[in-house]
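Line order of the protein sequences matches chains E and Z. Residue numbers in the first sequence follow my numbering, run continuously in steps of one, and reach 415 at the last position. Residue numbers in the second sequence follow my numbering, run continuously in steps of one, and reach 724 at the last position.
Everything hinted at is true.
Derived CB-CB ranges, DEER-like:
1) Z:478 <-> E:298: 51 to 59 angstroms
2) Z:680 <-> E:298: 57 to 65 angstroms
3) E:189 <-> Z:388: 45 to 53 angstroms
4) E:340 <-> Z:389: 27 to 35 angstroms
5) Z:522 <-> E:371: 57 to 65 angstroms
Calculated directly from the structure, the hints in this document are not laboratory data. Since we're looking at a predicted model, the values are computed, not measured. Ideal Cβ placement from N, Cα and C applies to all residues, glycine included.
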Amino acid sequence: MSAFVGKYADELIKTAKYIATPGRGILAADESTETIGKRFAGINVENIESNRQAYRELLFTSPGSYPCLSGVILFEETLYQKTSDGKPFVDLLMENGVIPGIKVDKGLVDLAGTNGETITQGLDSLGARCQDYYKAGARFAKWRAFFKIGATEPSVLSIQEDAKVLARYAIICQENGLVPIVEPEVLTGGSHDIKKCAAVTETVLAAVFKALNDHHVLLEGTLLKPNMVTPGSDSPKVAPEVIAEYTVTALCRTVPPAIPGIVFLSGVQREEQATLNLNAMNKLDVLKPWTLTFSFGGALQQSALKAWAGKTENVAKAQAKFLTRCKANSDATLGKYTGWASGDSAASESLVVIGYRY
Amino acid sequence: MSAFVGKYADELIKTAKYIATPGKGILAADESTGTIGKRFASINVENVESNRQALRELLFTSPGAFPCLSGVILFEETLYQKTSDGKPFVDLLMENGVIPGIKVDKGVVDLAGTNGETTTQGLDSLGARCQEYYKAGARFAKWRAVLKIGATEPSELSIQENAKGLARYAIICQENGLVPIVEPEVLTDGSHDIKKCAAVTETVLAAVYKALNDHHVLLEGTLLKPNMVTPGSDSPKVAPEVIAEYTVTALRRTVPPAVPGILFLSGGQSEEEATQNLNAMNKLDVLKPWTLTFSFGRALQQSTLKAWAGKTENLAKAQATFLTRCKANSDATLGKYTGGASADSAASESLYVKGYKY
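Given these sequences and hints, build the entire structure.
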């Protein structure tokens, strides 16, 4: 095969397939220390390790949420943290059928000579780092590349470079036992229409899969984390059914069936919006050879964070909010979400942050 | 979308979908005058127009064959020929639910500086030619690229050139109303094993789909005509189930679900071999988002040709033989072929010709 089949091949395939189980999805809880600081600032909570530990413990011990989750993406610090009872988070998660994953990229740097375009760094010693993460209990990884839409963006340079780097990251992960989640995010910022987003998304995904093939990545042991296809943030909104149609069409045109699952990022979408869009995609009467599920950060946590506000007495309430979003999204992966969770006001709050960067 | 959606888009999508109807496939009857001459030589038939017309009439009027066929690929001369009753072949076919197609490439030429590799020509005035063919009744086209396996082949140059040639051909067809069948044939010649063939096929297909995306080809209005993945001609044979597994894996890793149908070429396989392999693929318990069917030339006609031997009195016998292969392959597209259509020794005869060129 043109794919690299190393000693972890069977395990990678099994893990990727499990993560893509219909009815389950991923909690993206991999906010860097800096990023979680911004979230905490929004609820007046001090950005210290004990608070970061408390917050993640809140999420990872939410009663009833485990059946909705197949994995959680962690930041490095969290991978080595424990519950207040002294149990490592990774053990707690694994025991409950939730696979720990790890964010391995090291953020963005500017591509000189471009108009604000970026490339993702993190390849140095990545193999060795993956081995350590595997030992610590991680079984999948995540790496995020950014593409902006503009008059002359994304440029060929940014597409080529970010696709190559995603592919290098992916193969290094597979050499070291981690299923790579490949995340080529086309940003929503701009006043373009949905057709423009669709065109760019298709071009980017085609380049990504060509690069993955060039680098001998085993697609059966890989997951894709793309953006949904939507109008730009400065453009009029469209119905979930429209988003579903453009998104699934783009994926049908670019994602080979060997990929077991597509786990959408929520980006700047509010909680309810992200769920409705995911639901519409799963209701679409079109053959989809991969599972369509979630890998949501803000869109799973926003209400819970607000409800918690850093106070121990709010834990149960926050956990209930979190469970609500977990169940809603679990339903959405089956096309069965009826809108029952939309009553919560925080769920409808937009998460748009102009020029958002990790 | 990144795909070109011109005035023929709806028709292209509809035609491509029809050609990919389960239970139906394509008769590749597009042998050039030179090539059909070689076939005729083997049955001692003179290569004159009346004989070429007679053979094609034999095939196109075979009772019971129509339901097994969704299309026939024709050579230019045949597109304008009629039955002995004076009915244009294209009308006869269309009236019976069989779509006429046309071979539009102009053969291969050597790629200088390579070790016997080729590229395909035929782009000059292709748009204008397609318009003429459309007026004459054709609704799909075919273009064959050829790649060889060797110590240093296929080279990056041959992969890139052939992929680009296929993509330019494809978009020009779509601009002019013809569904392009994209045929990137990896030749069987050689002593390599099935894994090598798989690796090369995957690499070639990945390059082809990247090129199609670059050129804005509407995948929903295209069809793929690939080789099956097999050991080299000088290597030991393997079972149909093995061929099926390697072939379907290669396709799952490279062919986006938007492509409605995959129609295999038979190459040098015997009639029975080709049918058995196609059947095994359709029996494979794996999700295939595209139809897997046939676009066979020799593997549909070999026995028929022998039975005819150029004599009018053999017409009915030849047509019965042809029908046998059509039905066998129709069953194979549904995974329902039970064997036994090959009592005829000719059906088991290998059709492999070393260094075969059109």
